[in-house]
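Sequence order for the protein chains is A and U.
Be aware that the first sequence starts at 599, since it is given in my numbering, and climbs by one per residue.
Be aware that the second sequence starts at -15, since it is given in my numbering, and climbs by one per residue.
Any given hint might turn out to be false.
What the hints assert, rightly or not - Derived lysine-lysine pairs resembling DSS-like cross-links, with alpha carbons at most 30 Å apart:
hint : chain 1 : residue 1 : chain 2 : residue 2
1    : A       : Lys673    : A       : Lys742
2    : U       : Lys157    : U       : Lys265
3    : A       : Lys742    : U       : Lys168
4    : U       : Lys168    : A       : Lys783
5    : A       : Lys671    : U       : Lys107
6    : U       : Lys168    : A       : Lys617
No lab work stands behind these hints, which were simulated from the structure alone.
The model shown is predicted, which means the values in this text are computed figures rather than measured ones.
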Amino acid sequence: MTALLEVNHVSKQFGNDSKALSDVNFTVNEGEFVSIIGPSGAGKSTLLRCINRMIDATGGEITFDNMNVMNLKKKELKMVRTRIGMIFQHYNLVNRLSVIENTLHGILGKKSTIAGVLGLYNQAEREQAVRILSMLGLGEHIYKRADQLSGGQKQRVGIARALIQNPRMLLCDEPIASLDPNSAKTIMDHLRTISSQMGITVIVNLHQVDVALKYSDKIIGINQGQVVFNGSSKDITKEDIQRIYGSEAEDLIFDIGGIHAS
Amino acid sequence: MEANEQVVTGEQLLNSKSTKRIKIKTLTKSTIVIRITMFFLVLLTIIAFFNFDYKELDIGEAMLATFANMKAMFLEPHFKHFTFTHALHQVFVTLGLAFLTTLFGAIIAVFLGLLAAENLTSKRVSAVIKGAVAFIRAVPTVLWVLIFAVAAGLGSVAAVIGMTFHSVSYLVKAYSESFEELDKGVIEALQASGANFWQIIFQAVIPSSLTYMISWTFLRFEINFAVAIAMGAAAGAGGIGFDMFMASNFYLDIREIGTITFFILAVAILLEVFATKFKKKLKVNG
Chain A
599 MTALLEVNHV SKQFGNDSKA LSDVNFTVNE GEFVSIIGPS GAGKSTLLRC
649 INRMIDATGG EITFDNMNVM NLKKKELKMV RTRIGMIFQH YNLVNRLSVI
699 ENTLHGILGK KSTIAGVLGL YNQAEREQAV RILSMLGLGE HIYKRADQLS
749 GGQKQRVGIA RALIQNPRML LCDEPIASLD PNSAKTIMDH LRTISSQMGI
799 TVIVNLHQVD VALKYSDKII GINQGQVVFN GSSKDITKED IQRIYGSEAE
849 DLIFDIGGIH AS
Chain U
-15 MEANEQVVTG EQLLNSKSTK RIKIKTLTKS TIVIRITMFF LVLLTIIAFF
35 NFDYKELDIG EAMLATFANM KAMFLEPHFK HFTFTHALHQ VFVTLGLAFL
85 TTLFGAIIAV FLGLLAAENL TSKRVSAVIK GAVAFIRAVP TVLWVLIFAV
135 AAGLGSVAAV IGMTFHSVSY LVKAYSESFE ELDKGVIEAL QASGANFWQI
185 IFQAVIPSSL TYMISWTFLR FEINFAVAIA MGAAAGAGGI GFDMFMASNF
235 YLDIREIGTI TFFILAVAIL LEVFATKFKK KLKVNG
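Isolated chain A, as found in the complex:
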């Protein structure tokens, strides 16, 4: 498998504060499912946003699909962004618009300014949107307004909006942090399917260690802006979890043995 994303010595500093990220290194292969775990404020979201340059890293090198993301001009950066989908904790949909309109927002980046401003989408694009929404089980909610949906449904619209971009990679920023366990499972199952069947690389920021272990091929553990674990989810040990979450991890509410057994 070839490496789709390479992150080399990336660091990020906000103002004069301590470093949010320092010397982060990892590679992600085509079609892999990677989870980034770590305590709140460890720099997970910052790391994710550095990849598509929603935040500019202060140092290092990020290569996506053999292109150095750090040196791209505005226009090239937009082209790269059209190939990276992003999913958010708070879904970030336009509440007043319908499900299908929100989905079609995903292809704005590929359209001309005028077509995008006026919302002119051709039949093929509309069909594609309906197809993706049906695949995600939202077939009957196509014309509903986004704010009439439940959290799980909103997140599925978020996934649809990312998928219609026809992306090589999905960045998911705590996609299940505001969802109940059932909806969370649906979302994670969909992400897993997207990774395994569509061959799209998925990088997920997670708070739930058990979920990360269950779904991912690879886990990256971050603490205070540094990668403290990088390996297969099968190899992770209790000591690794402790290193990621600090000493208080002793009494965390999950049991690592049980998870590996299931």
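Following the hints, complete the assembly by docking chain U onto the known chain A.
Positioned in the frame of chain A, the structure of chain U alone reads:
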């Protein structure tokens, strides 16, 4: 904080066996200042009544005369110098003036509002535009019309320019504030998918704030209608306001003023009813 110097706990209040009533307000600096201010205001009001220069005017008689005028104005209205259709036509002229200035104002304000919204542009650009607009807003519309009248001459042109000017500043503030209410995440989501500025504006920002924008614009339309009446009288901009000016200052016919007032009242009520219905519909569908 001086207010918290003496901390009395709930238990102390309940346990103290004294029959002292529990105070609801504590005596802080601010309550003392408020009470002193109120006291002086009351005092000044009373003193003022004794110091008015009544010019040998009998208050009772004056009141009666005023009521008689009011009665003539509102209970015996008539047409003398113009007809019903003429008045209707003039009301539409005034409405037209209000509509035109609101429309111009709204179009310009959308673009300036986008630039003035802190989440869409930089803080500096936003501060400059908001500052300029605050200055324009601080000067009353009538004054702007008179200022533009220097260049354009008294008449409808000065009225349109001056009213548009003030409408822009009013709507820029209203629009930019509703743009700023938009969740930052929505903009981020579209940026992350490669959408450009104008696409984000028209696909996310404006759809999200459309109901606010419409209700602000309507409010401004109602204000502009009132201003347009005044402009007819003060700046010779035509419309029902000019007829009112003629009736009051030229023909001295208070009964005709009553007629015109009823016309204006009817239109204002109609506008209000329409606006309320329209907004309700927007809330359901929009």
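> Can the restraint linking Lys742 of chain A and Lys168 of chain U be considered satisfied, given a maximum Cα separation of 30 Å?
Replying inline: 23 Å, holds
>> Does Lys107 of chain U sit within 30 Å of Lys671 of chain A, going by the straight-line distance between their CA atoms?
In response: 24 Å, holds
> Is the Cα-Cα distance between Lys168 of chain U and Lys617 of chain A 30 Å or less?
Replying inline: 24 Å, holds
> Given the proposed pairing of Lys168 of chain U with Lys783 of chain A, does the C-alpha separation stay at or below 30 Å?
Replying inline: OK: Lys168 of chain U and Lys783 of chain A at ~27 Å, within 30 Å.
> CA of Lys157 of chain U to CA of Lys265 of chain U, is that 30 Å or under?
Replying inline: 25 Å, holds
>> Against the 30 Å threshold, does the CA-CA distance of Lys673 of chain A and Lys742 of chain A hold or violate the hint?
In response: Status violated; Cα separation ~34 Å.
The structure does not agree with numbered hint 1 stated previously, though it agrees with all others.
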